[in-house]
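> The listed protein sequences correspond, in order, to chains A and B.
No gaps in the numbering here: position 27 of the first sequence is 53 in my numbering, and each next residue is one more.
No gaps in the numbering here: position 88 of the second sequence is 86 in my numbering, and each next residue is one more.
Some hints could be false.
Unchecked claim - Cut-off 25 Å, straight-line C-alpha distance, at most; resulting in silico cross-link-like pairs (PhoX-like, lysine-lysine): (1) Lys52(A) to Lys42(B); (2) Lys95(A) to Lys52(A); (3) Lys15(B) to Lys42(B); (4) Lys82(A) to Lys95(A); (5) Lys82(A) to Lys52(A); (6) Lys42(B) to Lys96(A); (7) Lys52(A) to Lys36(B); (8) Lys82(A) to Lys96(A); (9) Lys15(B) to Lys36(B).
No lab work stands behind these hints, which were simulated from the structure alone.
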Amino acid sequence: SQQGEEDPQALSIQEGENATMNCSYKTSINNLQWYRQNSGRGLVHLILIRSNEREKHSGRLRVTLDTSKKSSSLLITASRAADTASYFCATEAGRRALTFGSGTRLQVQP
Amino acid sequence: DAMVIQNPRYQVTQFGKPVTLSCSQTLNHNVMYWYQQKSSQAPKLLFHYYDKDFNNEADTPDNFQSRRPNTSFCFLDIRSPGLGDAAMYLCATSETGALYGYTFGSGTRLTVV
Chain A
27 SQQGEEDPQA
37 LSIQEGENAT
47 MNCSYKTSIN
57 NLQWYRQNSG
67 RGLVHLILIR
77 SNEREKHSGR
87 LRVTLDTSKK
97 SSSLLITASR
107 AADTASYFCA
117 TEAGRRALTF
127 GSGTRLQVQP
Chain B
-1 DAMVIQNPRY
9 QVTQFGKPVT
19 LSCSQTLNHN
29 VMYWYQQKSS
39 QAPKLLFHYY
49 DKDFNNEADT
59 PDNFQSRRPN
69 TSFCFLDIRS
79 PGLGDAAMYL
89 CATSETGALY
99 GYTFGSGTRL
109 TVV
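Extracted from the complex, chain A is given alone in its bound form:
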């Protein structure tokens, strides 16, 4: 069953702007991960944040996690046209495999 909901479903911004995507989930987790998917392709792992972490950075990516609110956000700074893709959050809980959220489609206009 789907664990997470993402918001917004679609986001269109100009190159150079920041993009923020939010994810909410329902159960306790071991970690939360963000993936990127270009149209018609597989998913690429971006970043993993453990349940005892609150913030993590990787290049232009910043992820926050609030376990009390069961929510996470992904910030992409200084976006580029090449960032255009769908972004999914996914949670790992217990021994269960990753459960994905509904995704955010990001369009970055050059």
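Starting from the known structure of chain A, fit chain B onto it as the hints suggest.
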């Protein structure tokens, strides 16, 4: 480069005709997964293997089966494909206890005619 390879990239099959999708990995990961992703939807887990231990999701249709003959290979068999089975099928791997996420293949786009 170590990777997850799915073949074929595109598969067209006839309604009701059995089809097999394949996945191989060079990462030597102990866990392999099959996800189904329909257009504009989240990937949905069908089943996964921890080593040779098979784990089937409760809502995976009986029409779907899987085989993992060794660490490197995993197959998805669809016994009698229906129009509703048209989707992208994604194979992924991971290593138990590792904190670097799953590695996905490029997927197989299945069309049922």
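> Now, for every hint given, state plainly whether the structure supports it.
Now for the hints, and whether the structure bears them out:
With a C-alpha separation of about 16 Å, the suggested pair Lys52(A) and Lys42(B) falls inside the 25 Å cut-off, and the hint holds. Our distance criterion of 25 Å between C-alpha atoms is met by Lys95(A) and Lys52(A), whose separation comes to about 9 Å. Taking the CA atoms of Lys15(B) and Lys42(B), the gap is about 23 Å. The hint holds against a cut of 25 Å. In summary, the hint linking Lys82(A) to Lys95(A) is supported, as the alpha carbons are separated by about 17 Å, within the 25 Å threshold.
For the proposed pair Lys82(A) and Lys52(A), the alpha carbon gap of about 21 Å is at most 25 Å, so the pair holds. Taking the CA atoms of Lys42(B) and Lys96(A), the gap is near 21 Å; set against the 25 Å cutoff, the hint holds. Straight-line distance between C-alpha atoms of Lys52(A) and Lys36(B) comes to about 23 Å, which keeps the hinted pair within the 25 Å bound. A threshold of 25 Å between alpha carbons decides the hint, and for Lys82(A) with Lys96(A) the separation of about 16 Å falls inside it, so the pair holds.
Taking the CA atoms of Lys15(B) and Lys36(B), the gap is about 20 Å. The hint holds against a cut of 25 Å.
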